[in-house]
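Student: Chains as they are written, first to last, in our numbering: chain R, 1 to 409; chain C, 410 to 645; chain F, 646 to 900.
By construction, these hints were calculated from the structure, which means they are not laboratory data.
Hints should not be assumed to be uniformly reliable.
[What the hints assert, rightly or not] Here are the simulated SDA-like pairs of lysine to any residue, each with C-alpha atoms no more than 20 Å apart in a straight line:
1. R:LYS338 x F:ASP865
2. F:LYS894 x C:LEU502
3. F:LYS898 x C:PHE466
4. F:LYS792 x C:ASP495
5. R:LYS338 x F:SER676
6. F:LYS864 x R:LYS338
7. F:LYS729 x F:ILE650
8. F:LYS648 x C:PHE466
9. F:LYS648 x C:LEU502
10. C:LYS507 x F:ILE650
11. R:LYS39 x R:ASP73
12. F:LYS648 x C:HIS595
13. F:LYS898 x C:THR450
14. F:LYS828 x R:ASN367
15. F:LYS686 x R:ASN292
16. R:LYS338 x F:ASN693
17. F:LYS727 x C:ASP477
18. C:LYS614 x C:HIS595
19. F:LYS898 x C:ALA638
20. C:LYS584 x C:PRO556
Spelled out from the first residue to the last, the chains are:
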Amino acid sequence: MKLLTFILCCCYLPSFAGIIKVGRQQPFQTITAAVSVAKNGDTVLVDKGIYFEKNLVISKQIVLKGIGHPVLDAEKKYENISIKADNVTVDGFLLQHTGVSSMIDYAAIKIYNTHNISIINNIINDAFFGIYSQYGIHCLIKNNVLTATAKNEQESGNGIHCWKSDSIQIIGNTISGHRDGIYFEFVTNSVIWRNNSFKNLRYGLHFMFSNDDAYITNIFENNGAGVAVMFSRGVKMFNNYFKENWGDAAYGILLKEINDSYIENNHFEKNTSAIYAEGANRILIKKNIFKNNGWAFKIQASCMDVTLEENNFLGNTFDVGTNGSLVLNKFTHNYWDKYEGYDLNRDHIGDVPYRPVSMYSMIVERNPPAMILYHSMIMALMDKSEKVIPSLTPENLKDEHPLMKPLPL
Amino acid sequence: MIIANNINKQFGKLKALDNVSVTCNKGECIGLIGPNGSGKTTFIKSVLGMVVCDNGFITFNGKNILHDWQYRANIGYMPQIGRYPDNMSIGQLINMMKDIRNEKDMQLDEDLIKQFELDKLMHKRMRTLSGGTRQKVSASLAFLFNPEVLILDEPTAGLDPVASEILKEKIIKEKAKGKLVLITSHILSELDDLVTQVIYMQDGKLIFHKKIEELKTDTGQEKLSKAIAAVMLKTK
Amino acid sequence: MKKIIKYVIIDILRNKIILAYTLFLLALSLSIFNLEDSSAKGVLSLLNIVLIIVPLVSILFAAIYVYNSAEFLELLVSQPLKRKTIWLSMFTGLSVSLVLSFFIGIGIPVLLYEFSATGITLLIAGILLTVIFVAIAMLAVVKIRDKARGIGAVILLWLYFSLLFDGLVLFILFQFADYPMEKAMVAITAFNPIDLSRIMVLLKMDVSAMMGYTGAVFKDFFGTVAGLLTSLLVLLLWIALPAWLSVRKFNRKDL
Numbered sequence: 001m002k003l004l005t006f007i008l009c010c011c012y013l014p015s016f017a018g019i020i021k022v023g024r025q026q027p028f029q030t031i032t033a034a035v036s037v038a039k040n041g042d043t044v045l046v047d048k049g050i051y052f053e054k055n056l057v058i059s060k061q062i063v064l065k066g067i068g069h070p071v072l073d074a075e076k077k078y079e080n081i082s083i084k085a086d087n088v089t090v091d092g093f094l095l096q097h098t099g100v101s102s103m104i105d106y107a108a109i110k111i112y113n114t115h116n117i118s119i120i121n122n123i124i125n126d127a128f129f130g131i132y133s134q135y136g137i138h139c140l141i142k143n144n145v146l147t148a149t150a151k152n153e154q155e156s157g158n159g160i161h162c163w164k165s166d167s168i169q170i171i172g173n174t175i176s177g178h179r180d181g182i183y184f185e186f187v188t189n190s191v192i193w194r195n196n197s198f199k200n201l202r203y204g205l206h207f208m209f210s211n212d213d214a215y216i217t218n219i220f221e222n223n224g225a226g227v228a229v230m231f232s233r234g235v236k237m238f239n240n241y242f243k244e245n246w247g248d249a250a251y252g253i254l255l256k257e258i259n260d261s262y263i264e265n266n267h268f269e270k271n272t273s274a275i276y277a278e279g280a281n282r283i284l285i286k287k288n289i290f291k292n293n294g295w296a297f298k299i300q301a302s303c304m305d306v307t308l309e310e311n312n313f314l315g316n317t318f319d320v321g322t323n324g325s326l327v328l329n330k331f332t333h334n335y336w337d338k339y340e341g342y343d344l345n346r347d348h349i350g351d352v353p354y355r356p357v358s359m360y361s362m363i364v365e366r367n368p369p370a371m372i373l374y375h376s377m378i379m380a381l382m383d384k385s386e387k388v389i390p391s392l393t394p395e396n397l398k399d400e401h402p403l404m405k406p407l408p409l
Numbered sequence: 410m411i412i413a414n415n416i417n418k419q420f421g422k423l424k425a426l427d428n429v430s431v432t433c434n435k436g437e438c439i440g441l442i443g444p445n446g447s448g449k450t451t452f453i454k455s456v457l458g459m460v461v462c463d464n465g466f467i468t469f470n471g472k473n474i475l476h477d478w479q480y481r482a483n484i485g486y487m488p489q490i491g492r493y494p495d496n497m498s499i500g501q502l503i504n505m506m507k508d509i510r511n512e513k514d515m516q517l518d519e520d521l522i523k524q525f526e527l528d529k530l531m532h533k534r535m536r537t538l539s540g541g542t543r544q545k546v547s548a549s550l551a552f553l554f555n556p557e558v559l560i561l562d563e564p565t566a567g568l569d570p571v572a573s574e575i576l577k578e579k580i581i582k583e584k585a586k587g588k589l590v591l592i593t594s595h596i597l598s599e600l601d602d603l604v605t606q607v608i609y610m611q612d613g614k615l616i617f618h619k620k621i622e623e624l625k626t627d628t629g630q631e632k633l634s635k636a637i638a639a640v641m642l643k644t645k
Numbered sequence: 646m647k648k649i650i651k652y653v654i655i656d657i658l659r660n661k662i663i664l665a666y667t668l669f670l671l672a673l674s675l676s677i678f679n680l681e682d683s684s685a686k687g688v689l690s691l692l693n694i695v696l697i698i699v700p701l702v703s704i705l706f707a708a709i710y711v712y713n714s715a716e717f718l719e720l721l722v723s724q725p726l727k728r729k730t731i732w733l734s735m736f737t738g739l740s741v742s743l744v745l746s747f748f749i750g751i752g753i754p755v756l757l758y759e760f761s762a763t764g765i766t767l768l769i770a771g772i773l774l775t776v777i778f779v780a781i782a783m784l785a786v787v788k789i790r791d792k793a794r795g796i797g798a799v800i801l802l803w804l805y806f807s808l809l810f811d812g813l814v815l816f817i818l819f820q821f822a823d824y825p826m827e828k829a830m831v832a833i834t835a836f837n838p839i840d841l842s843r844i845m846v847l848l849k850m851d852v853s854a855m856m857g858y859t860g861a862v863f864k865d866f867f868g869t870v871a872g873l874l875t876s877l878l879v880l881l882l883w884i885a886l887p888a889w890l891s892v893r894k895f896n897r898k899d900l
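Work the whole structure out from these sequences, hints included.
Tutor: Next comes the structure, spelled out in structure tokens:
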């Protein structure tokens with residue numbers, strides 16, 4: 001509610017205040033000049049054109065609005081916009097040629113230790129960092145398009161980078177070609193909703209030490225290593241698409257040291273490993289679709305109380321892979337397309353348990369080069385014999401109630 | 410025409426040919442005689458190149474046969490047991506042989522095919538044939554291309570008396586044309602009126618190679634069978 | 646030579662087994678393509694058949710056929726024909742007819758349903774495997790006179806290439822688990838045409854990412870034109886070497 005009031009305030013504030021126009025035919029030729037005379041609550045309207053403002057610092061509570069996406073060019077030396085006041089809105093700019101440095105994290109728009117900032121409808125091309133929030137609180141980052149053509153991880157920054165921030169809303173942004181699409185470190189109580197993050201060098205979404213955040217209806221596609229979720233708790237991931245994160249070390253989601261979290265109604269399609277879990281505890285993975293992945297779910301023995309229920313496993317090469325024999329996790333009521341059991345009492349639940357870990361996946365886990373025997377006859381035979389007499393695969397890793405038909409998800 | 414020089418052949422421990430040297434010339438009809446397993450068939454197969462000698466060499470018209478294969482165009486061979494692709498009919502077999510040879514201005518000698526009345530059996534599959542009919546096919550094929558040399562391994566075995574007679578007549582006729590004929594047979598009596606020379610083999614060794622008159626005067630016997638029996642007794 | 650090849654092929658095509666083999670492959674590939682929801686997955690299922698059934702049928706059929714053609718060979722050898730010609734004609738005839746079966750049974754469905762680089766690679770692999778196993782069969786037959794022993798040997802050879810060799814690879818992998826074996830594995834696959842074809846097709850299928858670092862090493866090698874040509878060359882060597890050895894042996898064989 002508080003948040004809503006704030007947004008409303010942002011929208012109404014300019015109408016009470018003065019408007020300062022910037023443009024070739026306007027009183028002010030540069031934005032810097034306009035900002036310098038502006039008072040708190042003013043709106044600076046910028047006409048179409050190209051502006052070389054060096055580093056534009058906003059230290060007043062103003063609305064900076066572009067008409068027809070005026071270009072702010074930082075000549076590859078500076079930060080385009082630095083926001084150092086509360087209640088600032090940056091709307092409708094095209095930001096380009098952000099400075100690149102190995103010492104300073106230059107960003108197209110950077111928030112310094114302020115609150116109630118809105119960054120909306122901007123186009124950010126080839127930035128080092130795109131939008132950077134440092135100690136930002138109650139910020140809205142919405143409908144921005146960030147495109148970069150990074151070649152390697154060292155010389156590139158993240159699309160939307162949040163550090164030690166709180167209550168951030170990241171909505172409807174499109175991010176591609178950066179190092180990480182969206183990066184969170186020490187960010188709490190935030191929501192990431194309806195973003196599209198693809199073709200980033202490293203992760204589509206990368207977050208660490210960020211508790212109680214929600215990720216809803218985002219698409220993470222074709223990123224170098226998928227999505228990494230590490231050292232956090234209270235993470236909620238709903239309705240996201242994790243697609244074609246395909247590569248040597250690519251994951252749909254990499255879960256590392258994650259506690260008390262929920263992964264529900266997501267689609268995992270064509271990922272090398274759809275979910276890779278290491279040191280994850282008390283996680284509920286429910287009603288997801290795992291389709292055509294290499295491994296649908298790789299769970300290390302360091303995980304505890306992970307529950308997989310009511311998921312559909314379709315056409316994955318390996319359903320579950322694990323490295324240990326001790327299993328403290330629960331698999332129940334999932335649909336596995338490889339299940340060959342029967343249902344005599346017609347309750348739509350298979351009468352014999354399903355063991356999702358194949359002999360071959362165990363072997364590969366212990367000895368990765370054994371992957372060269374993929375699709376060889378010896379592995380097919382070993383898998384078959386293992387199904388009859390389990391020896392290497394963990395005895396109690398099984399779904400006692402496998403479904404006979406896929407769930408309608 | 411065919412000269413074998415000190416040829417040896419060993420099958421495992423068995424010495425099938427032991428230092429055999431033979432010279433055969435045009436117009437001769439040579440009977441190759443010896444007990445079972447004496448190396449007659451091995452010798453014939455060596456001449457045909459089906460068995461490769463361990464050492465020694467064989468020449469045909471002065472050329473070593475080891476790296477030659479065209480010389481076989483001049484040899485008609487009738488094997489001891491004629492075995493042919495089961496699925497083929499007699500007609501297909503004969504056509505195939507003609508097709509494979511396919512020499513220009515080839516003079517085909519189809520006398521035997523007519524005399525054995527094989528033309529009526531042309532559609533029959535090889536696997537359905539009796540042993541005798543097979544022999545007829547073998548004989549017909551041996552003579553078909555009008556070769557200079559005929560090698561006949563037990564030609565009359567399995568043939569009925571009529572067919573036997575036809576074949577003998579044919580052999581005599583070809584001999585008269587000046588061809589070299591090599592025959593092995595157990596039935597010595599039927600060689601009597603055919604052969605001009607006799608090669609006697611035992612345990613892979615060539616015991617003797619004589620003109621038939623010579624042999625008869627040496628042993629004082631009129632019949633070939635008696636003469637050979639006398640030789641066998643002597644060697645024991 | 647052409648004539649003998651012609652007669653061999655005519656004779657083989659009259660054989661019911663070759664017809665059954667063709668129909669079996671055709672039925673299998675059509676049903677796979679119709680059952681699988683994507684034809685790319687169909688190719689993956691077909692791969693198993695190509696790797697298991699095609700070598701087995703090729704090696705067994707070729708061996709039995711050559712043994713049963715002993716008389717025919719004898720007949721031909723007594724004719725004015727080079728032994729090399731006879732033997733290579735036999736080899737060519739067998740290869741052509743088995744490749745033809747393969748092409749009708751698997752090639753046409755693949756071309757219809759999955760005309761892609763993967764599909765083509767699968768076909769090339771299948772054709773090469775067919776010829777390779779005919780060549781291996783010819784070598785076994787010429788070395789072993791007895792039919793029963795020869796067929797036994799041929800089955801063992803097949804078992805070796807499709808199963809035991811991989812078992813050995815697995816054993817080696819676990820014995821040398823502490824060493825980087827990826828590069829060595831590239832070399833090792835050259836010793837088994839089935840493995841080599843399998844990996845060639847799999848890498849075309851874009852599953853290399855799943856194969857982790859090993860896959861990356863393999864991709865580095867097989868992904869390049871030079872690597873692809875090398876592996877094709879190795880497969881051709883697998884045809885040429887047994888064929889050449891068997892010709893040499895047949896030239897001196899007593900019939």
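Student: Are the Cα atoms of LYS648 (chain F) and PHE466 (chain C) separated by 20 Å or less?
Tutor: Not OK: LYS648 (chain F) and PHE466 (chain C) at ~31 Å, beyond 20 Å, violated.
Student: Is the straight-line distance between the alpha-carbon of LYS648 (chain F) and that of LEU502 (chain C) 20 Å or less?
Tutor: Holds - the C-alpha atoms of LEU502 (chain C) and LYS648 (chain F) are around 13 Å apart, at most 20 Å.
Student: Do the alpha carbons of LYS864 (chain F) and LYS338 (chain R) lie within 20 Å of each other, as the hint requires?
Tutor: Distance of about 29 Å is beyond 20 Å: violated.
Student: For the pair we were handed, LYS898 (chain F) and THR450 (chain C), check the Cα-Cα distance against 20 Å.
Tutor: Measuring from Cα to Cα gives roughly 16 Å; hence the hint holds.
Student: Are the Cα atoms of LYS39 (chain R) and ASP73 (chain R) separated by 20 Å or less?
Tutor: 25 Å, violated
Student: If you draw a straight line from the CA of LYS614 (chain C) to the CA of HIS595 (chain C), is it 20 Å or shorter?
Tutor: Satisfied, since the Cα-Cα distance of roughly 18 Å is no more than 20 Å.
Student: Tell me if the straight-line CA distance from LYS898 (chain F) to PHE466 (chain C) falls inside 20 Å.
Tutor: 16 Å, holds
Student: Tell me if the straight-line CA distance from LYS648 (chain F) to HIS595 (chain C) falls inside 20 Å.
Tutor: 38 Å, violated
Student: For LYS894 (chain F) and LEU502 (chain C), compute the direct alpha-carbon distance and say whether it is at most 20 Å.
Tutor: 27 Å, violated
Student: Against the 20 Å threshold, does the CA-CA distance of LYS898 (chain F) and ALA638 (chain C) hold or violate the hint?
Tutor: 36 Å, violated
Student: Given the hinted pair LYS729 (chain F) and ILE650 (chain F), is their alpha-carbon gap at most 20 Å?
Tutor: 13 Å, holds
Student: Sort out whether PRO556 (chain C) lies within 20 Å of LYS584 (chain C), counting only the CA atoms.
Tutor: 11 Å, holds
The structure is inconsistent with the numbered hints 1, 2, 6, 8, 11, 12 and 19, although it conforms to all the rest.
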